[in-house]
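Chain W is fixed; fit chains B, E and A onto it per the hints.
Number of protein chains: 4
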Amino acid sequence: MQASKSRKTRVNYNTGEHLSAWRETLNSIIFGAETRAGKLFDIVLIIAISLSVLAVMLSSVEAFYQQYSWVFFYTEWGFTLLFTCEYILRLFAVRQPRLYARSFYGIIDLLSILPTYIGLLFPGIKYMLIIRILRLLRIFRIFKLAEYVDEAETLMTALKNSSQKILVFLYAVLTLSIVFGSLLYVIEGSASGFTSIPKSVYWAIVTLTTVGYGDIAPQTPLGQIIAAGIMIMGYGIIAVPTGIYSAELIKSYQPAKVSNEACPSCGKIGHDTDADFCKYCGGALEEIE
Amino acid sequence: MQASKSRKTRVNYNTGEHLSAWRETLNSIIFGAETRAGKLFDIVLIIAISLSVLAVMLSSVEAFYQQYSWVFFYTEWGFTLLFTCEYILRLFAVRQPRLYARSFYGIIDLLSILPTYIGLLFPGIKYMLIIRILRLLRIFRIFKLAEYVDEAETLMTALKNSSQKILVFLYAVLTLSIVFGSLLYVIEGSASGFTSIPKSVYWAIVTLTTVGYGDIAPQTPLGQIIAAGIMIMGYGIIAVPTGIYSAELIKSYQPAKVSNEACPSCGKIGHDTDADFCKYCGGALEEIE
Amino acid sequence: MQASKSRKTRVNYNTGEHLSAWRETLNSIIFGAETRAGKLFDIVLIIAISLSVLAVMLSSVEAFYQQYSWVFFYTEWGFTLLFTCEYILRLFAVRQPRLYARSFYGIIDLLSILPTYIGLLFPGIKYMLIIRILRLLRIFRIFKLAEYVDEAETLMTALKNSSQKILVFLYAVLTLSIVFGSLLYVIEGSASGFTSIPKSVYWAIVTLTTVGYGDIAPQTPLGQIIAAGIMIMGYGIIAVPTGIYSAELIKSYQPAKVSNEACPSCGKIGHDTDADFCKYCGGALEEIE
Amino acid sequence: MQASKSRKTRVNYNTGEHLSAWRETLNSIIFGAETRAGKLFDIVLIIAISLSVLAVMLSSVEAFYQQYSWVFFYTEWGFTLLFTCEYILRLFAVRQPRLYARSFYGIIDLLSILPTYIGLLFPGIKYMLIIRILRLLRIFRIFKLAEYVDEAETLMTALKNSSQKILVFLYAVLTLSIVFGSLLYVIEGSASGFTSIPKSVYWAIVTLTTVGYGDIAPQTPLGQIIAAGIMIMGYGIIAVPTGIYSAELIKSYQPAKVSNEACPSCGKIGHDTDADFCKYCGGALEEIE
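Residue numbers (this note's numbering), protein chains in the order written: chain W, 506 to 794; chain B, 506 to 794; chain E, 506 to 794; chain A, 506 to 794.
So here's chain W without its partners, still in its complex pose (with noise of 0.2 Å):
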């Protein structure tokens, strides 16, 4: 069931309209993976993604740059104008342009190609260029990994349900953090590292998060005290959102047992999907499913 949604939120961009027989044809190729053409486009451009992701991160290599500027330079290039001709293919050969312009693909895709553009303005903007790595998750659709895409998807699910949790749990997070970083700036001041408020929260979470740099570090007893307790504090409570998500993944595992049908004759909610009559007033229950 999850899979099947999560198949039609991929392809809805691409369903309705009918297209023109080599629109049709361009279409299969690029987004369908069923022909040969298909399959053999879309491991041209996962090559062509991981070289480029690869070209990005080794330019930024000052010893390799110096050396090979100029390989650099038109492997860009090379790259954002063979994207930019895809793009513009995708919207041509999609059936509504719209939504695929739209949709998270889409948007990726475009992303992808505009830094370079950018770059011409704000030269350090380029190495954006990484988020090109997004749409190498495509790959899973491709070499039909559809039971990782439903583990992917049992996963969110259960991180969407305990949503809500984990949002109480930042705020708590945040909101201890701004406190205790605050109380450290008045009992540690400059001279430790605590020189603002704002350096002296990001200190707090640091610490509280059990990463610990060391780049600022309390030093006066009292602040080393407070320190001991925030980092108790966030050694106990990591177990908030690990027990939230446990719970929850444990939940769904079990399938659900109870209907949110009303009873017809006296309205109560509450009784199970195996349930043909009420149990409270024992009047007859309505088909379910």
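Simulated from the structure, these hints should not be mistaken for laboratory data. Among the hints, a few may not be true.
Note: identical chains are not told apart, hence a pair may lie in one copy or across any two.
List of simulated lysine to any residue pairs, SDA-like, C-alpha gap at most 25 Å [said to hold, decoys possible]:
(1) K756 <-> E658
(2) K544 <-> A606
(3) K704 <-> V576
(4) K704 <-> A568
(5) K544 <-> R528
(6) K665 <-> R607
(7) K544 <-> N519
(8) K704 <-> A560
(9) K756 <-> S668
(10) K756 <-> N666
For chains B, E and A alone, coordinates are given in the frame of chain W:
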């Protein structure tokens, strides 16, 4: 049930006594969010609190303070006087002022204005105005984020139920930290930064909670072996609070029990303990308990 | 059941033998907390232990020691002589002195006085007086914190039940640390601080447990790639002890359902605790419990 | 079932073919632990492996090496020649040498002797002799620690069952690290140690896994804000593998199901699905399924 209980607790300093007409109006504006004026008041208050917290944070940044010290001076006194008026009005408009003054929000409201006045004597204290951030907790009530309040209460209930176990755990963590900290003090000595037992205990907490600043670190082989033991212990016993909390949350998700009485009409079982009629044939069930 | 068993274990060195009247009185004062004198003795003892632990901690702080060295000297010897008298009285008043001397508290009581005497020969040892803190565990018994003792035992029982799994896990963690530590030693060499295999193994433990001091850190690209792998592994396998312990605790919340009595007719086992007849052959089962 | 399957897998290179009498004896000594000679051989082997691993570790410590270099030289060659003989004897005595050579232990046995020989050409390689530690896994078989093997297999089964979910999770962690690492590279630049995208990705992994060395740390306000986000994310998503693994382990603990058929004689329910007779009255149950 949880939610209703909490709602009751939250307003119980505002029930019972009758007020004169205009105090009633003031009450509905300040404490309520049902009327238009009440909602407006709350929104203005949230903006004022947020700006005030932001001002406190920015005033601690040296660069900003030197340039705009007078802005921060007036903002601080402005917001403090505003919140002082608000506090007095609250005391005046509420039905049971004593209960309000001793309630969680009443104390926070007072603590949110005191630091400015105390700051006249002890300048550093004024940064504790940051505690105003706790006033934002009201945001949940104002925007009818009742679900979030419910989620928070599920989390808090599970936390309270497991608090005895967690206290036992914290006691064990502290005892381990004191014993191992002292051991490292004897082994390492001042050369590696273990200058006293309290500092070594601080180091042990930093290590056991996997924060690991690195400002103090063992240098001798024996010290490193024991430190490795502490780390593995800390890495392992994080399972304890997580296990406690997960088990508690999962327990709180458990659905109402199933009775093991069979239906006298059709003989089938699996009825809920609150069922009066058989869900398979609609026949009356015998009284259970 | 758990609690009663533990209470039995705790006092079994104080049962059986008859004592003369005044030794009986001494016994009830020292070991009991029911009489007024017994409660007073316990409270005085807890205060004495706490002060003594505090004195040991403060005596290690250079600034305090230089100013008050004679105070610390007298405090240390005073408390040690006091606790020595108490230990001798305990041996004298208890019903089974040998069992007491070998019990957990008996050993802790002895270890709490030895460091001062050994400290005459090896000065550093005296800081191990901190072990006196373990004597404070008695606090739970004295203040009738039986619930806490019960909670602690639930946690310990779950820990014991999962100890085999946790040992297997620790063995895996140590083996991984030794193999990856050696690998990094070969790759990084002394320049980055990986001066020997034992030190590299120490680094691998620091990294795998997500402590991350940063006193030793890989500098070469290959070393950093492998280090990243170790970190992700450590981040992932923390799930293992947590999962083990959570599952064990959740199991301990559900009542035992299956008896291990065999059926007298067919010899098969696996009957529910509430079964009166064998589910395989229909023969009557003997009364269980 | 688990255990028996694994035992079968472990010995399947030693079944089938008939051997001459003295090769049979050799086989029982080397591969078996039932005879006295076989047990002695295993114990000697474990001691030899442990000493050899210890020698490799100590030989990497500069201070020891300079003083006892000739001792380490002879120990290394001595153990290597010994294990080479053992490997040849194993190949000779085993029933199916090819299967053995390709089995897990066969490969480990070979890898445990190769580094010394390759070390003649590439000196650093010899430290990889540490891989001999994996040979100690045999310890579980020799001392009949079958329970531990079973526990390890429960853990491995749960790990295998959740491996798809964990792979999805690791893919997400890596993608996040690459995107956020690049972002920090653009924001921070070389001044703060973010000298290239690969190095920034390494930093993102160090931060997301809450290791936090602190050798690289953001210095700009924007960088610190994003870093704080990554930390909170890392602190939160550790819940994901933990939840997956906990849920999987708990599922593996679930007892056999209870049928919901009532007993035709006494009408009571709650019988196990494998029950043939009622556990309350002893009457025959109808065939279920």
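request  = Please name the hints from earlier in the document that this structure breaks, with their numbers sorted from lowest to highest.
outcome  = Violated hints: none; all satisfied.
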